[in-house]
Each structure stands twice: as C-alpha cells, then as structure tokens.
Amino acid sequence: MTSRILTTPLEPWAALADFERQRFAGSAAHGASAVFVGTMRDLNEGDEVHGMILEHYPGMTDGYLERLREEAAKRWELLETLVLHRVGELNPGDPIVLVAVWSAHRTAAFDACRWIMEELKSRAPFWKRETLAQGSRWVEHNTPG
Amino acid sequence: MSISVRYFARLREQLGRSGDELDAEGIRTPADAWARANGGDTLPANTLVAVNQDYASLDSTVRDGDEIAFFPPVTGG
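From first to last, the protein sequence lines stand for chains A and B.
When the first sequence is numbered by the numbering used here, its final residue is 145 and no position is left out of the sequence of numbers.
When the second sequence is numbered by the numbering used here, its final residue is 222 and no position is left out of the sequence of numbers.
To be clear, the hints were calculated from the coordinates, so they are not data collected in a lab.
Hints may be right or wrong, so weigh each one.
Claimed, not checked - Covered stretches of chain B (in silico footprint by chain A; criterion: 3 or more residues with CB under 8 Å from a CB of chain A, positions within the stretch not fixed): (1) 162-172; (2) 175-185; (3) 195-207.
Said to hold, decoys possible - Partial chain A-side listing against chain B, Cβ under 10 Å, derived: (4) 50; (5) 54; (6) 60; (7) 79; (8) 97.
Virtual Cβ for every residue (Gly too), placed ideally from N, Cα, C.
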C-alpha cells in the first residue's frame with residue numbers, strides 16, 4: 001500500500017510495472033486490477049491551456065492520501081493500492097494522477113478505484129493554476145465525473 | 146508558543162502572503178485566528194479550514210502550537 005506526491009514526471013505504466021513486480025512476485029492472488037490515470041488536458045472551459053502549476057499543502061496531502069487508502073481497505077477486500085499524484089509544473093498530456101487497486105475480484109477493484117479517485121478530487125488539498133495564451137487563472141472547481 | 150496560520154492558492158495570492166504567526170493568547174477557534182490576522186476582511190465564501198492538517202470548521206477548538214490553514218475549494222486529480 002503506497003501513496004506518494006511526485007515533483008518529477010509521473011510515468012504511470014512504468015510505475016505500475018515496477019509496483020507489480022515488487023508486490024506480487026511469486027503470487028497470483030490478484031485476480032483483478034483496476035487502474036485510473038488522469039492526464040492534463042489542453043482545453044478547459046473552452047480555452048486552450050498551455051501549462052499548469054499544481055500547488056498542494058505539503059503534509060496534509062500525504063496524510064489525506066494515506067487516510068483514503070486506509071479507508072478503502074476497510075470498505076473493500078483489497079490486496080494492494082497505489083496512489084501517485086504530481087505537483088509542480090505540468091504540460092498538456094502529462095499524467096497528473098494514478099490510482100491503482102488490486103483485489104481478488106473485479107467489483108472491489110473497480111469500486112475502490114472509483115471511490116479513491118472521487119474522494120481525492122473532492123477533498124485532497126491540491127489546487128490547479130492554468131496558463132492560457134494570455135495570463136493564467138486558478139481552476140475554480142473540478143469538472144463533474 | 147504561537148499559532149501558525151497558512152494560506153494556499155488563490156487565497157494566498159489575494160492576501161499577498163503565505164501565512165502568519167499569531168500570539169495564541171485569546172485565540173480559541175480558526176475564526177478568532179482569521180479575525181486577528183486579517184482584521185475586518187471577510188473570509189471569502191467557500192473557504193475551507195484545516196487544523197493540524199485535518200479538515201475542521203471555523204468554530205473548532207484550537208490550542209497553542211496548532212497549525213490552522215485556510216484555502217479555496219480543492220481542484221486536484
């Protein structure tokens with residue numbers, strides 16, 4: 001079970017391969033793996049977005065992601081959870097967040113992955129500031145689902 | 146000892162600073178801390194409050210040495 005804030009580029013597929021190698025070596029109990037990757041778009045509210053700065057509340061973000069994983073592990077039977085989230089400067093196409101859940105069966109994996117992602121978006125203390133062709137702006141709210 | 150106040154994102158920019166160190170004397174809630182640090186300025190609507198890096202409310206109890214944070218709705222993920 002791991003969650004981490006990254007200041008360097010997030011490479012979700014390499015991170016997943018590494019994590020699986022480390023955590024599931026010699027084991028085949030994980031019948032179901034559910035993965036969500038959120039990537040920075042180049043369009044928001046009708047405007048072209050050229051870049052983004054992701055600010056966070058160091059300490060509280062780590063604690064909050066950790067608590068999400070613990071809460072998910074109480075609600076569903078999970079074998080492993082991995083949550084990685086970028087902060088700092090990002091460009092369109094850069095991965096922002098990875099949520100991955102491993103379980104014996106798909107219902108727990110799908111439901112826990114979705115739940116962690118929705119809780120993260122609505123409560124974890126991150127803020128996006130977008131760079132547009134002219135100037136920049138704080139993102140006011142996340143798009144619904 | 147004192148109470149640390151931190152501001153993030155748009156609120157930090159609006160206030161022009163990332164935090165304040167306040168004498169804990171007379172501060173019992175985040176609302177007290179905001180009033181001390183920002184005088185008559187109204188707390189912007191929708192501002193979220195945390196005490197010691199945990200979500201709290203404006204009338205939560207705070208003690209000497211606590212860290213209070215004020216920030217706008219979150220937009221991560």
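Checklist entry - For the hint on residue 97/A, does the least C-beta distance to chain B fall short of 10 Å? => result holds (5 Å)
Item to check | Given coverage of the stretch 162-172 of chain B by chain A, checked by CB-CB distance under 8 Å (3 or more) | outcome: Three-residue rule not met by the stretch 162-172 of chain B, so violated; n is 0.
Checklist entry - Under the criterion of a CB-CB separation shorter than 10 Å, is residue 50/A in contact with chain B as hinted? => result violated (18 Å)
Checklist entry - Given residue 79/A was flagged as interface, is its beta-carbon under 10 Å from a beta-carbon of chain B? => result Constraint on residue 79/A not satisfied, violated at 23 Å.
Next on the checklist: Given residue 54/A as an interface hint, is its Cβ closer than 10 Å to any Cβ of chain B?
Outcome noted: holds (7 Å)
Checklist entry - With a cut-off of 8 Å between beta carbons, are at least three residues of the stretch 195-207 of chain B near chain A? => result As far as the stretch 195-207 of chain B goes, the hint holds, because 4 residues have Cβ atoms under 8 Å from chain A.
Item to check | Check of the stretch 175-185 of chain B against chain A for coverage (Cβ-Cβ below 8 Å, three residues minimum) | outcome: violated (count 0)
Checklist entry - Can residue 60/A be said to touch chain B, with a Cβ gap under 10 Å? => result Given a least distance of 4 Å, the restraint on residue 60/A holds.
Taken one by one, the earlier hints fail for this structure at numbers 1, 2, 4, 7, listed in ascending order.
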